[in-house]
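2 protein chains.
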Amino acid sequence: MNFNKVLDNVSIYEAGKPIELVVREYGINPKDIIKLASNENPYGTSPKVTKKIQEIAGNMFVYPDDSMYELKDALSNKFEVKPSNVIVGSGSDQILEFCVHAKCDKDSKVLMSKTTFAMYEIYAKQTGSSVIKTVDDEHNLEQFSAMYKEHGADIIFLCLPNNPLGECLDKDDVYTFLETIDKDTLVVVDGAYQEYASFKDEKKRINPKDLINTFPNCIYLGTFSKAYALGGMRVGYGIAQEDIIKTLYKLRAPFNITTLTLAAAIEALKDEEFVDKCIALNFEEMNRYEEYAEQKGFDYIDSYTNFITLKFGDLFSSKEVAQNLLELGVIVRDLTGYGVNAIRITIGSKEQNTKVFEILDEVLEKLK
Amino acid sequence: MNFNKVLDNVSIYEAGKPIELVVREYGINPKDIIKLASNENPYGTSPKVTKKIQEIAGNMFVYPDDSMYELKDALSNKFEVKPSNVIVGSGSDQILEFCVHAKCDKDSKVLMSKTTFAMYEIYAKQTGSSVIKTVDDEHNLEQFSAMYKEHGADIIFLCLPNNPLGECLDKDDVYTFLETIDKDTLVVVDGAYQEYASFKDEKKRINPKDLINTFPNCIYLGTFSKAYALGGMRVGYGIAQEDIIKTLYKLRAPFNITTLTLAAAIEALKDEEFVDKCIALNFEEMNRYEEYAEQKGFDYIDSYTNFITLKFGDLFSSKEVAQNLLELGVIVRDLTGYGVNAIRITIGSKEQNTKVFEILDEVLEKLK
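Chains as they are written, first to last, in our numbering: chain D, 21 to 388; chain X, 21 to 388.
Just so you know, these hints were derived from the structure itself, not from any lab. Each hint should be verified, as a subset may be incorrect.
Where chains are identical, the list cannot tell them apart; a pair therefore holds if satisfied intra-copy or between any two copies.
To be verified - Dumping the calculated BS3-like pairs for lysine-lysine here, alpha-carbon to alpha-carbon at most 25 Å:
# : residue 1 : residue 2
1 : Lys290    : Lys98
2 : Lys51     : Lys388
3 : Lys266    : Lys25
4 : Lys316    : Lys68
5 : Lys102    : Lys126
This one's a predicted model, so the numbers in the text were calculated from it and none came from an experiment.
Kindly produce the complete structure, drawing on both the sequences and the hints.
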């Protein structure tokens, strides 16, 4: 059968390996596996959210309130915008997809950093758009500007902070850049890890309301998958001016999040204390990774997220390190596929990290 | 901001009104509301599935196994196909979306029945495709053949049984029709209510394995939203030959169902007894609606689903009936928007239906 020609060019995203797969492939006891490959919150779901879901589990047969009245109300209060400035997606990932389909077809151009969230490129290619990338691995606004001047773009993706590398641009630099962008170019500010970045350094904080009021061509994306510890529930949101939100709604299928997801997100927003605690612990533990890397003599990227990227330079092959860790039950993300000799490790809990250092010692000794 | 021109033509799907909205708008106590608008299973979720979800609710922070190994294994055993013949979506709805994007762009044609599941048209228009419809409300294969001969089609949608009307073509007639269809036309056989149809009449049964082996250009869609009582969890599946499944995978975002959804679907497949019981009760209760309609002198469509469509002819306006029912706490679906003077009522539980007849009596008396 013949299919849409634009798909010839589309590759499939490789998700972090799940625990189930490592159990199947390597016969390791699930209890002994440490999964630090998908930047999940290692402190688990908020107990208050878990309790809520246990209470209402019997409602699984009922479709969710598709207006998402209560969740949009809570989000619009949190961010001081109107509910009509908010759209909820199955992960902020789905809002990315809506953005691409709202703006792009096979004649469109999409601009992004060389090493950034893989789905930007995959979604762009699903529409047949051309993907333009800057040269440096990390976000470089001079290169963004030069590329934009040369090629133009229908969409620009800024990942602030950037996944999978962890770096983050300053808000002031981003704003200076945005002033140079045409009002018909949609700029997607992906804030999936913003809670972490703004905790570490106030200069990184992007305020969605201020962003969309200053630059009506911007959309801010947030997620419940990271600091809010609901990665498995698939829920994120976009905040933008109404003309953008209305168009994205045309691409949203009804019931795009589950009944339990809707309740979990509403409940999670009531427990910000849990979120704050997780973020503080994250950076305490990140210090230990930085010390570890310095001690071993390899580089790392200063991270504004809940993961750290360790660069091996000429010392080791990240592919080998990741594979050896996997066989010992530690799942991390090898970045070879992104053209970087590095691994990305989610900052785990204290106990997990202690064990990771032990096993990493063992692996590095073996590969030396 | 300018958006993709094809979206100018896209309207937004209107979902059945949720209980929350009726509470907000009419101040009715949630306990007094009977929602029979979205064809949810009135017998609730299987207690075994609910128990499972309560046990694992704490896993909400973890992404699901994106390979969906266990669920695909269970589905492929049930349908006697290979896991590589299966794709899982956020509702079978999402598989519809994949199918359209896999085949269509603005030069494509999509053929469907005049009054059928609204998302077929919405997804088609998202790609800018032309939508061709048969003339009769109910599926009419002669008209499908004539339209296909005249216009051709990249995709044909067959809804077996048909939502929102409830009628169902015989399998033999469908097969005779499929023999005349070009191998490059993708035929989507939407079996969302097949469990009901094949229970009522063996002649309606479509066997997915036989379908895709006989007609490699067909995809069969199934869902957990109806007989399996997981509407709120958003999970369905497509069964097709590998070349089709592989292409659809290019359009699937990672983690397209939730961690709890994955577990719920796996568990639901273990409790077929619950499903069988629900379906038997459904048709017992449907008899009462048929009797009620005959008694009141209005028409209904012989239904192979878990809903019934009552046609008011010149007797009443379905819009008025639906609105009056709503104000008394009974949510049904008015089909005026589909160009039919009828309401679609999900077959509720015995208690619900008894109350519906009482309230409907009151409304019809008022509107007489």
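>> I want to check one pair: Lys266 and Lys25. Are their C-alpha atoms no more than 25 Å apart within a copy, between two copies, both, or neither?
In response: between (29 Å within a copy, 14 Å between copies)
> Using 25 Å as the alpha-carbon threshold, which applies to Lys102 and Lys126: within, between, both, or neither?
Replying inline: neither (34 Å within a copy, 34 Å between copies)
>> With identical chains, the pair Lys290 and Lys98 could be close in the same copy or across copies; at 25 Å between alpha carbons, which is it: within, between, both, or neither?
In response: So Lys290 and Lys98 pass the 25 Å test inside one copy only (10 Å; across, 42 Å).
> Is it within, between, both, or neither for Lys51 and Lys388, if the alpha carbons may be no more than 25 Å apart?
Replying inline: neither (29 Å within a copy, 68 Å between copies)
> Between copies, within a copy, both or neither: which fits Lys316 and Lys68 at Cα up to 25 Å?
Replying inline: For Lys316 and Lys68, the Cα distance exceeds 25 Å both inside one copy (40 Å) and across copies (51 Å).
Of the hints listed earlier, those the structure fails to meet are numbers 2, 4 and 5, in rising order.
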